[in-house]
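Going down the list, the sequences are from chains B and A.
Residue 421 is where the first sequence starts when you use this note's numbering, and the numbers rise one by one after that.
Residue 27 is where the second sequence starts when you use this note's numbering, and the numbers rise one by one after that.
Incorrect hints may appear among the rest.
Think about it this way: if two alpha-carbon atoms lie no more than 20 Å apart in a straight line, the pair counts; the simulated PhoX-like pairs of lysine-lysine are [what the hints assert, rightly or not]:
| # | chain 1 | residue 1 | chain 2 | residue 2 |
| --- | --- | --- | --- | --- |
| 1 | B | K460 | A | K276 |
| 2 | A | K176 | A | K271 |
| 3 | B | K457 | A | K271 |
| 4 | A | K176 | A | K217 |
Covered stretches of chain A (in silico footprint by chain B; criterion: 3 or more residues with CB under 8 Å from a CB of chain B, positions within the stretch not fixed) [claimed, not checked]:
| # | stretch |
| --- | --- |
| 5 | 60-70 |
| 6 | 83-96 |
| 7 | 118-129 |
| 8 | 312-323 |
Think of the hints as simulated: they come from the structure by calculation, not from any bench.
Backbone N, C-alpha and C fix where the C-beta goes; we use that ideal spot for every residue, glycine too.
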Amino acid sequence: MQGNIACAEGAIAAGCRFFGGYPITPSTEIAEHMALKLPKVDGVFIQMEDELASMASIIGASWTGMRSMTATSGPGFSLMMENIGFAVMTETPCVVVNIQRGGPSTGQPTMGAQGDMMQCRFGSHGDYSVIALSPASVQEMYELTAKAFNLADEFRVPVFLMSDEIVGHMRERIDIPDQVPIVQRKSLQKGTLPFHPDADLVPGFPRFGEGYGVHVTGLTHDERGYPCATSPGLHEDLVMRLVNKIESARDRIADYSITNPEAETVFVTYGPPARSVEQVVRDLGRDDIGHLRLRVVWPFPESALNLFASAKQFLVPEMNMGQVAREIERHVDQPVIPIPKLGGNLHSPDELKARLEVLR
Amino acid sequence: MTDEPCNLFDVGHRACGGCGAALAARLILEAAGSNTIVVSSTGCMEVFSTPYPETSWRVPWIHSLFENNSAVASGIVASLKKQGRTEKVIALGGDGATVDIGMLCISGAFERGTDFTYICYDNEAYMNTGIQRSGATPYDASTTTSPAGKCSFGNSRPKKDLPAILAAHGAPYVATASVAYPADFKKKVEKAVNTPGPCYIQVHAPCCTGWGFEGEKTIAIGKLAIETGLWVNYEMENGEVTRVKKVRRKPVEAYLTEQKRFRHLFRPTKNDVEIAKIQQIADRNAERYGTDIVLKK
Numbered sequence: 421m422q423g424n425i426a427c428a429e430g431a432i433a434a435g436c437r438f439f440g441g442y443p444i445t446p447s448t449e450i451a452e453h454m455a456l457k458l459p460k461v462d463g464v465f466i467q468m469e470d471e472l473a474s475m476a477s478i479i480g481a482s483w484t485g486m487r488s489m490t491a492t493s494g495p496g497f498s499l500m501m502e503n504i505g506f507a508v509m510t511e512t513p514c515v516v517v518n519i520q521r522g523g524p525s526t527g528q529p530t531m532g533a534q535g536d537m538m539q540c541r542f543g544s545h546g547d548y549s550v551i552a553l554s555p556a557s558v559q560e561m562y563e564l565t566a567k568a569f570n571l572a573d574e575f576r577v578p579v580f581l582m583s584d585e586i587v588g589h590m591r592e593r594i595d596i597p598d599q600v601p602i603v604q605r606k607s608l609q610k611g612t613l614p615f616h617p618d619a620d621l622v623p624g625f626p627r628f629g630e631g632y633g634v635h636v637t638g639l640t641h642d643e644r645g646y647p648c649a650t651s652p653g654l655h656e657d658l659v660m661r662l663v664n665k666i667e668s669a670r671d672r673i674a675d676y677s678i679t680n681p682e683a684e685t686v687f688v689t690y691g692p693p694a695r696s697v698e699q700v701v702r703d704l705g706r707d708d709i710g711h712l713r714l715r716v717v718w719p720f721p722e723s724a725l726n727l728f729a730s731a732k733q734f735l736v737p738e739m740n741m742g743q744v745a746r747e748i749e750r751h752v753d754q755p756v757i758p759i760p761k762l763g764g765n766l767h768s769p770d771e772l773k774a775r776l777e778v779l780r
Numbered sequence: 027m028t029d030e031p032c033n034l035f036d037v038g039h040r041a042c043g044g045c046g047a048a049l050a051a052r053l054i055l056e057a058a059g060s061n062t063i064v065v066s067s068t069g070c071m072e073v074f075s076t077p078y079p080e081t082s083w084r085v086p087w088i089h090s091l092f093e094n095n096s097a098v099a100s101g102i103v104a105s106l107k108k109q110g111r112t113e114k115v116i117a118l119g120g121d122g123a124t125v126d127i128g129m130l131c132i133s134g135a136f137e138r139g140t141d142f143t144y145i146c147y148d149n150e151a152y153m154n155t156g157i158q159r160s161g162a163t164p165y166d167a168s169t170t171t172s173p174a175g176k177c178s179f180g181n182s183r184p185k186k187d188l189p190a191i192l193a194a195h196g197a198p199y200v201a202t203a204s205v206a207y208p209a210d211f212k213k214k215v216e217k218a219v220n221t222p223g224p225c226y227i228q229v230h231a232p233c234c235t236g237w238g239f240e241g242e243k244t245i246a247i248g249k250l251a252i253e254t255g256l257w258v259n260y261e262m263e264n265g266e267v268t269r270v271k272k273v274r275r276k277p278v279e280a281y282l283t284e285q286k287r288f289r290h291l292f293r294p295t296k297n298d299v300e301i302a303k304i305q306q307i308a309d310r311n312a313e314r315y316g317t318d319i320v321l322k323k
């Protein structure tokens, strides 16, 4: 199965019944598959007129209670930024798939990249936190897409599947489970204000039509949902809560695997470079080479770095100029060595082995 | 080498054999001449005509992004005017770039009275990304995002009438054309680039790959669209239709049966109900524009 098809199938299995999208290489197969499959499960596929509209449509659908998703690539992702900020501010659960390609601008439409990782983290204006998943295989395209819906509903936040052309167009055999775990969106308790958070800082979801006078606004709002854009305290409390509901749950959201925790040299990867590093570790069979493989990149699982107690250096192969490497630098005292790669090709295992030789 | 001047839109590009859009580009520059700047949206045209060494453009050419060729053109037009320069500016986009994602920028440029010509090569779907429906895809055409099957007969909506929308912006000259009638198309381009203010031409550009026919039939298919009344060639000046291509109409089936995108209307059995709806679209077109040749008794 192709990665993009696995993504669409994972979404449908997770109960996604609304897809609003716009064609863009290399993500188009997701929209095409949704157009084919959603009508058969009583879902809605809408082709929107552009990516501003795609992102806006999944926000609208989400407020009616539907699990909703869109899929795009760099240029479309840039257009979605305004509405992504709106989804964050209004705490609208939704899933955005970015099959990354080489940028900036239209760049390399048919080549893989990981250049949008920081745009995903910080691309819309203002302070906020989101959740970003990064699959390295077709199997993970399926699983992480399904998981994205649960996280979106649990934290009432847009969740990003930050894949790329390589995994999106890769074909691998996968195991499809009979059913995927589904965590339902928690509903609002009777007598509670619509934006009053529970202890986990997340308010219950007052779906349109459930009897609440729901008022949804991108302006700074109080717990009733009414705008109050000039109160410094209210704004600070709201933005801090939007950030903290994600950051305080960092360890719970974290999803990674570790190899050789006693290692001195530790690769940190997400997405396709993980495959090359796995090959390197297998080939060399040395326990002084470790691997931290992230499936969740944002919020960044900093405590995972401490699991490598003997680490002397961290190597970070990324298909960008070192976006996540810089994040790792913030958390460790050891040297962090970015291994950037641009142009669309993946780091080859030989290339990484040669790099290890140089560092020796 | 010959002494003949090069085409301003040169040979050797990467388009499919029989590409209606490539023909449109050649005709546009033959009509507009070398004193022209072209702003081209993302799309098939951009991708097949620009990579070196198959680059076709022998006039200044800029790729806007997908949605904004009219806005880039606005900047070019305004600054040329300030410098007292006389180049013609043509914004070129496919139907997706024009009737869907580019709508906002086009509307803005027309409302500001920008002195440019917008030409939409209408191949009735997003062909560059592999045949997805657009707002210009005809009723019942099967595309990858309007697939015909158990739940659908293909695209469920008729084509958006962008010429009428832009005429309503007060455009002095709006025309439709077809690559199947090249002389007519060139005359219209010449008229548009020489008319002050924002002008619009939508040229029907059959796509053999996306519609499913052999490349040698591009012109025949283009003619059939007009002969069945599913495409109408007309000119509008200051909001009034002033010239219409008249035809002796054939039934729409003559056009539909030639293309794989309508194949589901004939297999496994002929879908008379849906074909009648498409015939109605042609009948309405004929009535609205007065295309039918009426023989005197």
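To see whether the hints hold, each was checked on the structure:
| no. | hint | verdict |
| --- | --- | --- |
| 1 | B:K460 x A:K276 | violated (37 Å) |
| 2 | A:K176 x A:K271 | violated (38 Å) |
| 3 | B:K457 x A:K271 | violated (42 Å) |
| 4 | A:K176 x A:K217 | violated (47 Å) |
| 5 | 60-70 | violated (count 1) |
| 6 | 83-96 | holds (count 4) |
| 7 | 118-129 | holds (count 4) |
| 8 | 312-323 | violated (count 0) |
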